[in-house]
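Visitor: First to last, the protein sequences are chains A and B.
Numbering of the first sequence is given in the working numbering, commencing with residue 375 and proceeding in unit increments.
Numbering of the second sequence is given in the working numbering, commencing with residue -18 and proceeding in unit increments.
Simulated from the structure, these hints should not be mistaken for lab results.
Since this is a predicted model, take the numbers as computed values, not measurements.
One thing to keep in mind: the hints can contain errors.
Residues from chain A that keep clear of chain B, each with C-beta distances beyond 10 Å, as calculated [as the list claims (entries may be wrong)]:
# : residue
1 : D418
2 : Y437
3 : Y505
4 : I604
5 : E605
6 : V733
One-sided and incomplete, this derived list gives chain B residues near chain A with beta-carbon spacing under 10 Å [to be verified]:
#  : residue
7  : Y72
8  : P78
9  : G79
10 : G81
11 : R82
12 : Q83
13 : M84
14 : L102
15 : T104
16 : Q171
C-beta atoms are modelled at their ideal positions from N, C-alpha and C, and glycine is treated no differently.
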Amino acid sequence: MAGVSGLVRRPLQQVSGLLRRRFHQTAPAALQVTVREALNQGMDEELERDEKVFLLGEEVAQYDGAYKVSRGLWKKYGDKRIIDTPISEMGFAGIAVGAAMAGLRPICEFMTFNFSMQAIDQVINSAAKTYYMSAGFQPVPIVFRGPNGASAGVAAQHSQCFAAWYGHCPGLKVVSPWNSEDAKGLIKSAIRDNNPVVMLENELMYGVPFELPPEAQSKDFLIPIGKAKIERPGTHITVVAHSRPVGHCLEAATVLSKEGIECEVINMRTIRPMDIETIEASVMKTNHLITVEGGWPQFGVGAEICARIMEGPAFNFLDAPAVRVTGADVPMPYAKILEDNSVPQVKDIIFAIKKTLNV
Amino acid sequence: MASVTCACWPAHLGPAPAGPLSLPVCFPWSHPAPLLHRRGTRSPGRKGLALGPPQGSAPPDPLSQQLVPPPLTGVLMYRDYPLEQFMAQCYGNVNDPGKGRQMPVHYGCKERHFVTISSPLATQIPQAVGAAYAAKRANANRIVICYFGEGAASEGDAHAGFNFAATLECPIIFFCRNNGYAISTPTSEQYRGDGIARGPGYGILSIRVDGNDVFAVYNATKEARRRAVAENQPFLIEAMTYRIGHHSTSDDSSAYRSVDEVNYWDKQDHPISRLRHYMQSRGWWDDEQEKAWRKQSRKKVRATSCCRPTPQGTLEGRRLGFGGQ
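Bound-form chain B, shown alone (with noise of 0.2 Å):
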């Protein structure tokens, strides 16, 4: 089988490594992509990095989150989170691990080692290298990977974690989703110099992939991890990719960029839809499987869906948070 090359490889480290081109592995990938779709999120580039990055992975790794996460759910769902327990904490209702204490999508699991996501940008970078230098310090042959956003990089959080990654030598790859959009505000007034790929600044090895790409996401991923762990040094991958979505329910994005330029990213560089073509070329996947899976889908989401959400979470619940007292 020819071997995947990424693009922007740097030749300095070393040959690329081969993509896993077998079924047996894109499978699982291909399985999460349409619950994921179904469940209303609609930045398929970012869906690409959540299914790349966590066979890179192994998993026991901890994932440090960002807020604004569809994408990485992905990365939980593959890790088998079930269906219902996502819907659980959307809900805040009895079943909620949570016990309705978070906002939606402010998923948790210890178990899965995902760090449960906390709202102010940034502020998970210092606190993933916190989590790399302890692994480290316990040789404990495990990283930890960092996802966040190139708006959440300009955040002071960012930069300290950078350098205190760098300086104290932690085993931590850092995973930057760069979709061109903080809300409203593109990369050219988010920042002017190349890119989130800054990590040469602070001595950190840096590569830049197309985040659409599952192969060149998983490839870079994988290869990062291994040279962490054997090298006590910290990673950084810029994913470029495109936010299709608006930013949240309450925006409309018509209002600062071109329907146009939406619909170029949503027909021609769409992961899901590559990564699906790709399968179809081999003949692992064909349109046939492809409705019935659709169908599949929908009907597990809104089996856990349209259930009526039990009571919430109560008062009693609610006494616990008083810390001991």
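Bound conformation, chain A alone (with noise of 0.2 Å):
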């Protein structure tokens, strides 16, 4: 009996709920996801999209990865797909060029880009020059990518950032991610891009959570490479950072707000190409320029945006010079308190806005 007026009864409340109801999508929340995770999770898609995408390198398979970047995936994925390599960074770089040049994306880990230069040729003179060297015939779709700069405590043969150096290269695409979004997205663009691409990471980043806005948790989530992006408008100065530092830089901006200094913080996503004009367009806006990075001043990122400025229309927008804020010239130290002050600081970035603007 009371199944059958059920039956009667609800119809009637599906029509008024019919006529009550409206479209509702529930947005998905915003997750906390750390950098690592983000790692993990672009280059799973990537993984799952294309199965000519593979991951190699020292201890990524079975150990999870030295940071435990590729945690998970030689258990989805076996060893076809995740590969160990004996130690051998000349090798498997070697071995990762030429799986690309014949049709392959691999994905070749470094387990800090330190030891690419055991392997730079590879990296160079075969990945970065054969697209050009081949007049358009022979791309090498693969990514270079691993921990790059200045980490705690590891001193000189573990710490230097080779921002300068792949960026130097013509045939080079070279991405430094900042948060979880920069590196899901970033990582995913660098796989399915047809070039060679070096993917700058950041030790100390990944275990950091952000919050991961909802586009970024689509699984065709792209970050252009060669695109900047403003975490931080401002009116008064420029300035402009990648990789961890851009952290810093916004946490200096927080302090000189107070003091009503309003800091536009420029977060650049990517080494090469540079995006000169989202610096640019900045500059003529606020006529103040520092530039933050890890790496050590001479012919780094900050020369050469301080030399592309002078050569572009932002120079006459210039109030002051440009000022640069880096690594100390030295090999990283190991003692912590030369560690940390061989490595930029917020106050040191306070202090060079402050002198640039004057105050």
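Using the hints, build the complex out of the two chains.
Guide: Quick look at the structure:
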């Protein structure tokens, strides 16, 4: 009896519900995702999407990656797609380049970019130059990725920043993510790009969580290579950075905001091809510029930005010379007090901003 | 006294030399052992390797090391590098001769001919060959001994180093500690040939020894040294051992190997235990002395490591890094 009456009642309820109903879509909540997880997700999605994609490097398979960035991937994709290599950077970089030339899409992981120096001929002379040297016949769709720049307490041979080295070379694309959104969008774009892409990650950022906006949770979320992002709009000074220093610049901007100085913080995201237009437009608005990087000053990223600003329309809008904030011009020392004073800190950024603004 | 024979001594190298079995020889070997152990180094196999070679090579021979040198700490210890200096280097404090520049365990000592540890793997191999070449040119009657692990032998630099040592006829001993693992990578994934005793492919006389047998290691190294100087040619020694400890403090090796496997080597084939048993069987050592010496070692290590590190390197010191500008 109850069942029949339910049947009778339900259609009425449904009709009235229909009359009342609007389309309702719950927006996916913004997730807290660490940079490591974002990289992992990005690689996982691309491995799933295209079976030509594979990952090779030291400890990437069963060990889940030296920094656990490839956690779970070997379990999911197996030996054919996630490959542990013997300890020979020159060897496995060369193998990856060959595989790319033959039509696969390798992701070649360097345990840190310091060790890429043992493979640098393969990266530059083979990966970077081949498309040009072959007059466009032979693409090399490879991604070289790994942690770059200073970590903590790992001294000279583990702390060098290679943004300037790789950014120097035509034929390479070079990206440098700061937060999780950057990491996910850029790794996916890098893997889909038919050019060799060097992705400079940062070990200290791997464990840092960021809110991943809804659009970044889509499997087709890509960040275009060659486009910078204005993380914080401002009016008094343009502050340009890449990788971890972007966070320091935002901290500095927060402090200075209380003093009435509004900084426009630009996250480069890509080192090469550099998005100089975004920087120029900003400088033409603020009339002041500082650059911030972890790498050494000579021939660095900041040096290139300053040169290009001088060569372009924004020069005439500068009210003061541009200033570079960089790592100290020494091999990274080990002792903590020495190390802390060898990398740009928030106070150094604030000092440079105030000096440029003459306040 | 019966002579000690090395199990895999190739006949064409002549009769195996007898090991020195006397107390005065064994005692200095046994003493650094507890000090190494107390410092938390966990690869006894590699300790055997550390203590064997130094006596085989006369003190002035330069040593070229690879990173991850806890076992080679024994070599430096054997050359009387003070415990305080080990600690100062690890802390990077004001007593550190390296002025806080280097990561911990990156020891170096010019006086003791111990080339500073460098992080990138296998780069020391061609460098060692170059140093040996220089020694040959100088008619110095010295050799270079170069240590590396079986993982580092995969690097291209190892190939280049071996080839140059042979073609340039350099007085060098390549000493490979094959301990079964490079972080988590087992030897089955590191190489498919017959271990690292691949010297014959380069024209280098090679020998494989039981790395946990101090006498075997000593004998092999001593003979290799004698011949390297006399004949100006390289030798390759592959010492088979086992890494009992984790790769580093951030590693948990139970993720990639069984606890049973580790226990076997710890209990059944531990170089320090083997030496101790030998000495005890000769009546040169007993449990009482073992206990007392361990206590003394612990005290020694605590004395150096418990004092608060003195102020770390100054910024003044840092500016020295500007290379004279």
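Visitor: Confirm or reject each hint.
Guide: Cross-check of the supplied hints:
1. Every CB of chain B lies more than 10 Å from the CB of D418 (chain A), the least distance being 20 Å, so the non-interface label holds.
2. Interface exclusion of Y437 (chain A) from chain B breaks down, the closest Cβ pair being 4 Å apart, not more than 10 Å.
3. Look at Y505 (chain A): its CB is around 25 Å from the nearest CB on chain B, clear of 10 Å, so calling it non-interface holds up.
4. For I604 (chain A), the condition that its CB be more than 10 Å from all CB atoms of chain B holds, with the nearest at approximately 35 Å.
5. Remark: the non-interface label on E605 (chain A) is consistent with the geometry, its nearest Cβ contact in chain B lying 32 Å away (cut-off 10 Å).
6. For V733 (chain A), the shortest C-beta to C-beta distance to chain B comes to about 27 Å, beyond the 10 Å cut-off, and the non-interface label holds.
7. Contact between Y72 (chain B) and chain A, as hinted, is supported at the beta carbon level, the nearest pair being about 8 Å apart and thus within 10 Å.
8. At its closest, the beta carbon of P78 (chain B) sits 13 Å from a beta carbon of chain A; the interface hint therefore is violated under the 10 Å criterion.
9. Proximity of G79 (chain B) to chain A holds as hinted, the smallest CB-CB distance being about 8 Å (cut-off 10 Å).
10. With 10 Å as the threshold, the beta carbon of G81 (chain B) comes within range of chain A, its nearest partner Cβ sitting at about 3 Å, so the hint holds.
11. The criterion of a C-beta within 10 Å of any C-beta in chain A is met by R82 (chain B), whose closest approach is roughly 5 Å, and the hint holds.
12. A cut of 10 Å between beta carbons decides the hint on Q83 (chain B): the least distance to chain A is about 5 Å, and the hint holds.
13. Interface hint at M84 (chain B): satisfied, since its Cβ lies 4 Å from the closest Cβ of chain A, which is below the 10 Å cut-off.
14. Because the beta carbon of L102 (chain B) sits about 6 Å from the nearest beta carbon in chain A, less than 10 Å, this interface hint is met.
15. Contact between T104 (chain B) and chain A, as hinted, is supported at the beta carbon level, the nearest pair being about 8 Å apart and thus within 10 Å.
16. Hint status for Q171 (chain B) relative to chain A: holds, with the closest Cβ pair at about 5 Å, below 10 Å.
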